[in-house]
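The residues making up each chain are set out below.
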Amino acid sequence: MSEALTSDNHLPAGAAAPRRAKPVRRFLRNPQAVISALVLGVVGGAVLLAPLLSTDPGAAELSKAFAGAEPGHPLGFDSAGRDVWSRLLHGGRNTLGGALIALAVALSIGVPSGLVAGYYGKWFDAVANWAGNFVMALPAMVVLLASRAILGPTMWVLMVVLGVLVAPSFFRLVRGIVATVRGELYVDAARVSGLRDRRIIARHVLIVVRAPIIIQIALVAGIAISLQAGLEFLGIGSGDLPTWGAMLNEAFQNVQRSPLFMLWPGLALGITSAALVLLASALRDVLEDGGTPPPRPRAARRARVSAPTTSDSAGARAALLSVRDLAVSYGSGASAVDVVRGVDIDVAEGEVVGLVGQSGSGKSQTAFSVLGILPEGGRVSRGSILIAGTEVVGLPEKRYRALRGGVVAYVPQEPMTNLDPAFTVGGQLVEPMRLRLGLSRKAAAERALELLRQVEIADPRRVFDAYPHEISGGMAQRVLIAGAMSCDPKLLIADEPTTALDVTVQAEVLELLRRLQAERGLGVLLVTHDLGVVADLCDRVAVMNAGRIVETGRTAQVLTRPQDPYTRTLIEAVLDDAPARPAWVAPRAADGAEVPA
Amino acid sequence: MSGVWPEPLPAPAAPPGPRILDIRDLRVSFPGKGWRAPRVEVLHGVSLDIRPGETVGLVGESGSGKTTIGRAVLGLAPVHSGAVEFRGERIDRASARRRRRLSQDLQVIFQDPFASLNPSIPVGETLAEPLHAQGVPGRDARRRVLDLLGRVALPADAAQRLPREFSGGQRQRIAIARALAIGPKLIVCDEPVSALDLTTQRTVLDLLLEIQEQTGVAYLFVSHDLSVVRYMSHRVNVIHRGVIVESGDAEQVTTAPRHPYTQRLLLSAPVADPAAQRDRRAALDRRRAEENT
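Residue numbers (our numbering), protein chains in the order written: chain A, 1 to 597; chain B, 598 to 890.
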């Protein structure tokens, strides 16, 4: 393992360091983390320096029993005339030391076994899982009492037992995470790179479990301290050692005479446990919510660089959908970025308009803003969207909803994720129709079956009763199309409707869309990255790049005689007309086994 | 799509010359779901071969088993029966130690450039991994990493950055650089461009071709996209439901396919030219009508 760690230094370290330091900086910026860590540091430091800061905790002067504070003895004396301050500090050593032992035992059992069980699985996983469940099912207090009876009243031994009892919490945590990481492609890639399992675990797996383990440590430490104090309070630990629990016990016996005795060990326990819990929750914030990138950074960045344009909003507006000078922004004030700017689109009745572009070009954002379903943080910041003559920018949500269910329908990209796995296909088709069209359950069901038949599903009854996981992706997309048709829309917004499908299924779904469109005279706004799909289905096409439309025109004209340089790059990248690779010719040095590397 | 396709076409006579990879009658099966469920066989006796410096394409739809073939070659999928020979040596039952040595010659580029790079490890370290695994000393490894980054047209300071700072295309270049790190003889390319934008896809493909010309590495090129496979491969195998139904030279298989499934595959892929696409669609309709009668 150390080999793996030192090998990190092989790379120039300079620039990597600040990036690596990020969690530390986040930690320092989190007041809760800093304060709780400071409190723990002070407690830990005081306890460690106990011999320097105080006198012998065992030295008893019976004459001073219950005496108050005096110089050198800031907290006074206990019932046996021992210095409370020094008992507090030395007691802390034992209490925290005990907790540390429990923690160390739990870590050294739980983490390695979790790593092995999660990474290799098989019989070890089964056995370790069973053992872990068994230990978790045991009542901790009863086991501790029993082990005291068998192993004797030594606090340290009891802490080892406690460590074994909490080990499953680490085991389960690590095993779960590792089993997930094990399936990651980068672990496969590392295996193919020839790395040993040991090294893969050290580099790729440990790094992922590190943060959760640290958080769990803080939590378990708190539990171990309170359990340890509880045992001592009950008088189950070693009677001779000063601990916070033992001090509480003693104070409890003298609570009538000197209630203040409860205060000091109670405070020490309370502060330490609270600091640990707070630290754990702060660590969770610091370590686990770190690396989320800002939404859609690519489009945003590009949009900022390119020069602003003024679009001419002239020209007649189409009756069905007409978008003029649309801008979509994320963020607010000075930090707002436009991901879509100056977009004009028209869709006439019975017309199919393609909106093509690469990822991050803003094509989906345009479609979303027409539907009024922009993701969190996004808004239409400028322009006008007319749907069947109704201006929808700034339209109240209630009226928008009526429009969405009636005039506009939507076919999403990922058919499977757009069906709720908890309900049958039929249920998901029937519900909106009952709500929207006010049909009875029976009438809606009949209509749903009819729609399924219309989208060319061979066995509508079976699909109606099926759950989404029981049907194929192509079938699911047909179901969603049926759902979109259920309220007789005039305008269909299809966002990459065939991208997730196999090519033969795609051809069938395109065929279906074409038929429905022709039969119903639908206007379609088809968002896609696939120029082949555009050529297949669209009358007109708009090409988007970096949030703007760079070219619009008849499909045949744009695809065969593109005017804009960006459209040209796009079309040149299509491989349809690229020649097939010619047959292979043996290299001149015909010894195949010795290909130069 | 349903229906039973005709028998697979007999494979053409094996081309002459030594082979770098020879897969014969490969069967792969996975344990069934549930208690004592029968194993599910996903590859039903697949044979293919690759000569040094050659690209052999493997095209099929989801669930056809095309990715499983690549994974079986890499030792990531369990081989039930059949043989995988790499440079004349059986590797289908290779030990972990043998596999580690094999990684010098046998590499992979995965489909998803977002999942195939560890998000918390700087790119340079990811690239140095295979070098360290082969015992290349630190200094040399560092130089080689910079060299690799240059080769895939990434700036040298990329080494210190984390994968999330790169776009999909750049990440796939990093994955290519990792595969090239120790000068392999064969790279399994598992849908290397299907997660990329059109223009990025073209540049990554051209990079792979250029690397092949320079180094003479062979590719097993797995993809669902007939036009990509045709552009990249000397020979093409079409796989459907765990069986290779047609194989042959790229030109023949992708322009004049003989097996009905390949024909359907070709006709289903829309072309970016409305007139040509209209013809293709008409041909597809005719095919469907024929199949239904």
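Since the hints were made in silico from the structure, they are not lab data. Careful: at least some of the hints might be erroneous.
[Said to hold, decoys possible] Only some residues are given here: those of chain B computed to face chain A with a beta carbon under 10 Å: (1) 654; (2) 716; (3) 776; (4) 832; (5) 870.
[Stated by the list, open to error] Which bits of chain B does chain A cover? Going by a derived footprint, with three or more residues having C-beta under 8 Å, they are: (6) 622-629; (7) 635-643; (8) 694-706; (9) 843-855; (10) 871-884.
[As the list claims (entries may be wrong)] Over 10 Å on every C-beta distance to chain A, these chain B residues come out as not near it, computed from the model: (11) 603; (12) 605; (13) 607; (14) 712; (15) 750; (16) 775; (17) 794; (18) 804; (19) 890.
For every residue, glycine included, the Cβ atom is placed at its ideal position computed from N, Cα and C.
Hint check:
{"no.": "1", "hint": "654", "in the structure": "9 Å, holds"}
{"no.": "2", "hint": "716", "in the structure": "7 Å, holds"}
{"no.": "3", "hint": "776", "in the structure": "8 Å, holds"}
{"no.": "4", "hint": "832", "in the structure": "7 Å, holds"}
{"no.": "5", "hint": "870", "in the structure": "6 Å, holds"}
{"no.": "6", "hint": "622-629", "in the structure": "violated (count 0)"}
{"no.": "7", "hint": "635-643", "in the structure": "violated (count 0)"}
{"no.": "8", "hint": "694-706", "in the structure": "holds (count 9)"}
{"no.": "9", "hint": "843-855", "in the structure": "holds (count 5)"}
{"no.": "10", "hint": "871-884", "in the structure": "holds (count 6)"}
{"no.": "11", "hint": "603", "in the structure": "16 Å, holds"}
{"no.": "12", "hint": "605", "in the structure": "17 Å, holds"}
{"no.": "13", "hint": "607", "in the structure": "19 Å, holds"}
{"no.": "14", "hint": "712", "in the structure": "4 Å, violated"}
{"no.": "15", "hint": "750", "in the structure": "17 Å, holds"}
{"no.": "16", "hint": "775", "in the structure": "7 Å, violated"}
{"no.": "17", "hint": "794", "in the structure": "4 Å, violated"}
{"no.": "18", "hint": "804", "in the structure": "14 Å, holds"}
{"no.": "19", "hint": "890", "in the structure": "18 Å, holds"}
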